[in-house]
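2 protein chains.
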Amino acid sequence: MKLTRLISLAVALATTLGAAAKGTVRLQDYLQADSTSTVDAMPALRAALEDCARLRASELILPGGTLPLKPDGAFERYEYISNNDPSMKRIAFLLEGMKDFTVRGNGTRLLFSGFMSAFSLEGCERIRVENLSIDYERPFVSEGRIVAAGDGWFEFRFPDDYRVDLHDGSLRFRDAAGKTYPYSSLLEFDTERKEVAYHANDYWIWGQSYPAVKTAEGNWRLYRKDFGTAQIGNTMLFGATARWNPAFTLLDCAGFTLADVAINHCGGMGVIAQSSRDITLERVRVEPAEGSGRIVSISADATHFVNCKGAIRMIDCVFRNQKDDATNIHGWYMSIERRLADDRVLLRWRNSGQYGVRFLRPGMQIEVVDNRTMESYARVKIAQVRYLNAEYAEVRLAGRLPERVQPGHVVAEDGEYPDVEIRGCYIGNNRARGLLLGSRGRIVVEGCTFHTPGAAILFEGDGNYWYEQSGVRDVVIRDNVFDNCMYGSLNWGGGVIAVGSGIPEREGARYHRNIRVEGNTFRGFDERILYLYCVDGFTFRGNRIETTSDYPAYGDPDRRFVVEHCDNVVIER
Amino acid sequence: MKLTRLISLAVALATTLGAAAKGTVRLQDYLQADSTSTVDAMPALRAALEDCARLRASELILPGGTLPLKPDGAFERYEYISNNDPSMKRIAFLLEGMKDFTVRGNGTRLLFSGFMSAFSLEGCERIRVENLSIDYERPFVSEGRIVAAGDGWFEFRFPDDYRVDLHDGSLRFRDAAGKTYPYSSLLEFDTERKEVAYHANDYWIWGQSYPAVKTAEGNWRLYRKDFGTAQIGNTMLFGATARWNPAFTLLDCAGFTLADVAINHCGGMGVIAQSSRDITLERVRVEPAEGSGRIVSISADATHFVNCKGAIRMIDCVFRNQKDDATNIHGWYMSIERRLADDRVLLRWRNSGQYGVRFLRPGMQIEVVDNRTMESYARVKIAQVRYLNAEYAEVRLAGRLPERVQPGHVVAEDGEYPDVEIRGCYIGNNRARGLLLGSRGRIVVEGCTFHTPGAAILFEGDGNYWYEQSGVRDVVIRDNVFDNCMYGSLNWGGGVIAVGSGIPEREGARYHRNIRVEGNTFRGFDERILYLYCVDGFTFRGNRIETTSDYPAYGDPDRRFVVEHCDNVVIER
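Residue numbers (this note's numbering), protein chains in the order written: chain A, 1 to 573; chain B, 574 to 1146.
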């Protein structure tokens, strides 16, 4: 921006107005008019995006090559994003209320520096983003090569550009701008296999700091009493404390396609969509950039869909090496705090990751659920909603509150649920699980390959811990390969296909229904294939089971198929 | 709220509508209709305040007695408040755009629990708040009695309700709800005198944690290498990390009177007003509640006025024992980041305590100032402002940018400045200084008593550190008693009346003008009475100087009146 901004704007305007017939805005014109854009393309991008909105352009064309993007000139707004962390955020592509718009990436590499989100869309319709990649100069997670280990200590070597120093006697990571990258967990990855190390557990750090010293060789030795064994040469992942900056945030959008996009890194989930419908991901690749030398891709789940409708499609995608699950599809439960009147109730978010979400609307039908059994015992209609703040909402119903309602019970929207199609995807090498499926629409998982360290497919949902609505109704898992899953922590699911719902009183509870597992191949070293409870209707048929010696054998052959508190289960071995 | 909310609302409506002729809303009616209001009066207060706004009531009458107020049902909004800390805040009295409205306290004690702000007013006109007190069940600062001290350690006893435990090996304070009260500084107070201990310095904690252990007697021993001597029996104040919850926040208000109000505690400044005009504080008492046993009152400055206009009056007030200065009156400097064109400039906030402030407006005249000398070398008019985010703004001027402009220079509004009258106040026993005077209007300080640990009256302002516009033009300091000031840290001002402006190049710089000090009494043990630089026009006449032995003598008699880089200075001893 050392060239006059005036000229920049004039050029931009002339260009875009001239092209208005086609509705095409070319970022290149804005970049050329701004001499500082080789250092930071954000001012040019912002001008181009503002023109796109003003001119109702149909497409923004990126120039190819690498675009450096810094937070200084970025858009800003406070965002509550479900299952991520609220904050005042800097955002590169902020799209509000836009319709029928495409970002053509042209193979552009968006290279961010510092704390900023890549794309945030609210109230948009029919948006397509294609052919680009997203990476960060300095990742929000930190990787240290394990060079030595002893009783209660590990010794690490960090990349030279990590700017490690001692703060409060412990390790601190900063970037060139002096920003600190806080961490709250450690997890060992197998450097050779590029996946979570065999049976590795998370070391959680709840605000503590563990003493560290720098060695004469320039390595860093970190002390913690419960540090056990670690493989020399493996990579310790220092997990980010907060999920401030997802790559793609969708709030109240309808129609979104992400095609041929690589999310090499971001500081939160890769794609997080809430209260949105009709979302397609085609050839989306969550994985470290080639040649980056990084083991871990993004800092949280690859994708996550909350209270979405219509269709969710993930076709030919790769969800690899991210710091959490590949996807989680569920609704929201708010907890009943207090009965205020025969038709009025005070609701409260009980999971702080849901604070600020405002999904209840007049006219919406909600189900009332016993949090002990997850039984949905009533349906009522909302007449009026009054949000008191990010945590509480007062709701007036169109009818009477059921007598059975008591504090602790939960409510969720009970209307349209999304149909889910996951096809041809590779899912693995990440932390924890693969697909967490919690929609009551039709779900098909077909032709995928799983190499997850925990459960490949998990049925979750509960009203006491995470407050996520689930309870599937129609699931087909067909023709997939489950390739040596379950090599990570034993806390990450009871089987390759498993139920994980937190249901305190399981006797008689039947939360999930109608799951068919057919024609799949289960290759593995771990006996734990199925772990089911509270399911009504489950068929396991025509699957091939192969034993490998790729990892140390694990598990009890008698507990290969665990089925408890279920009805109508057919398992054909 | 166990009684039906419906009944509550009906009663409230009937009451207020019935009284609408007088425009009086009585909180008592709302409290009576809500059976849970004895535990938390916030829902009733919120309903009453919403009715006040809807009915355009002229007054809200509080019932007297103690009102417990909790954050659960409080208003919420994100606030950037100058010189405090931005956050998503819970607020009890949120008044937006209200006019001609009085809160009659009736002696009510507002007793808050947890992180919430008492009053926040935006865009209001002619508001009066009278006859109430503000306190917090659990203060945001923590006080520990020093029971023992050794080489590199102090041992403390904390009140039983502090819920102290060890976290990360160091002290953590929590409340009954489990909320943590973080601290980032320590300062010793003299328990007997109820003031900062003699020459005590702040121990700053920048994110570190220092090891602690619990003793057999239930005391807590804290280790830190630079802990020197401390008086057994004195009180160590653990200062709050952030200023999230001021007592009174005024944003863009005109006409505000606070009368007969005690601010016994709050988690930020007592009164912070920005871009507001005509503010009167009468008999406002910032001090610990009687019988509370607390040494320290509020966690930051008693009052603070930024870019205000009209009149600021503080009459017969008490500003005692707060954790920072009694007042600070100044403007804002934004820093010039880059010249964008002949008439366009990119501005940046350089003090993060000013982030998010949007005071620049089209038509506003701004001065352009050399940050090295604080010379104001040009005046220009703003044609257009575009806020990029909380940190940056693009400004187009009505004319050309002066040639002399360069990055680092600063700009501030140069229009109306407030006249300031401070009369009959007691100011002392707090941390740091008394009055920081930075208005270019007429300032009169008369009939006050000062017992400040640092400078009683300080002329600040700079364009390199705090970015606060000052440069006084007309100050009268008359008939005050400066009673044993300067007993605290030697960092808190060079004299009882002093300049503290950060001016890197003082030669020839004359930032402050026309200060008269007449008819005052200076009683003290410390030789440092005047410390002046960069002043043009200063008269010290008819003052009485008495030496006391109330504290150990300090200072060089030859440096009683320090005058450097000044013109037109008359000192009559």
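In short, the hints are calculated from the structure, not lab data. Watch out, some of these pointers could steer you wrong.
[As the list claims (entries may be wrong)] Cβ-to-Cβ under 7 Å is the rule here; a few derived chain A residues that face chain B:
(1) Gly-73
(2) Asp-165
(3) Asp-168
[Unchecked claim] Simulated crosslink set (DSBU-like; lysine-lysine; CA at most 35 Å straight-line):
(4) Lys-225(A) <-> Lys-752(B)
(5) Lys-179(A) <-> Lys-767(B)
(6) Lys-798(B) <-> Lys-643(B)
[To be verified] Calculated Cβ distances over 12 Å to all of chain B for the following chain A residues:
(7) Ser-87
(8) Asp-160
(9) Ser-489
All residues carry an ideal CB built from backbone N, CA and C; glycine is no exception.
Results of checking the hints against the structure:
1. Gly-73: At about 6 Å, which falls below the 7 Å cut-off, the nearest Cβ of chain B leaves the hint on Gly-73(A) intact, so it holds.
2. Asp-165: violated (12 Å)
3. Asp-168: Holds, because the Cβ-Cβ distance from Asp-168(A) to chain B comes to roughly 4 Å (cut-off 7 Å).
4. Lys-225(A) <-> Lys-752(B): Answer holds: Lys-225(A) to Lys-752(B) is near 28 Å, not above 35 Å.
5. Lys-179(A) <-> Lys-767(B): violated (40 Å)
6. Lys-798(B) <-> Lys-643(B): violated (40 Å)
7. Ser-87: Nearest chain B Cβ is 9 Å from Ser-87(A), so the label is violated.
8. Asp-160: Its Cβ never comes within 12 Å of chain B, the nearest being 24 Å, so this holds.
9. Ser-489: It holds; Ser-489(A) is separated from chain B by about 25 Å at its closest Cβ, greater than 12 Å.
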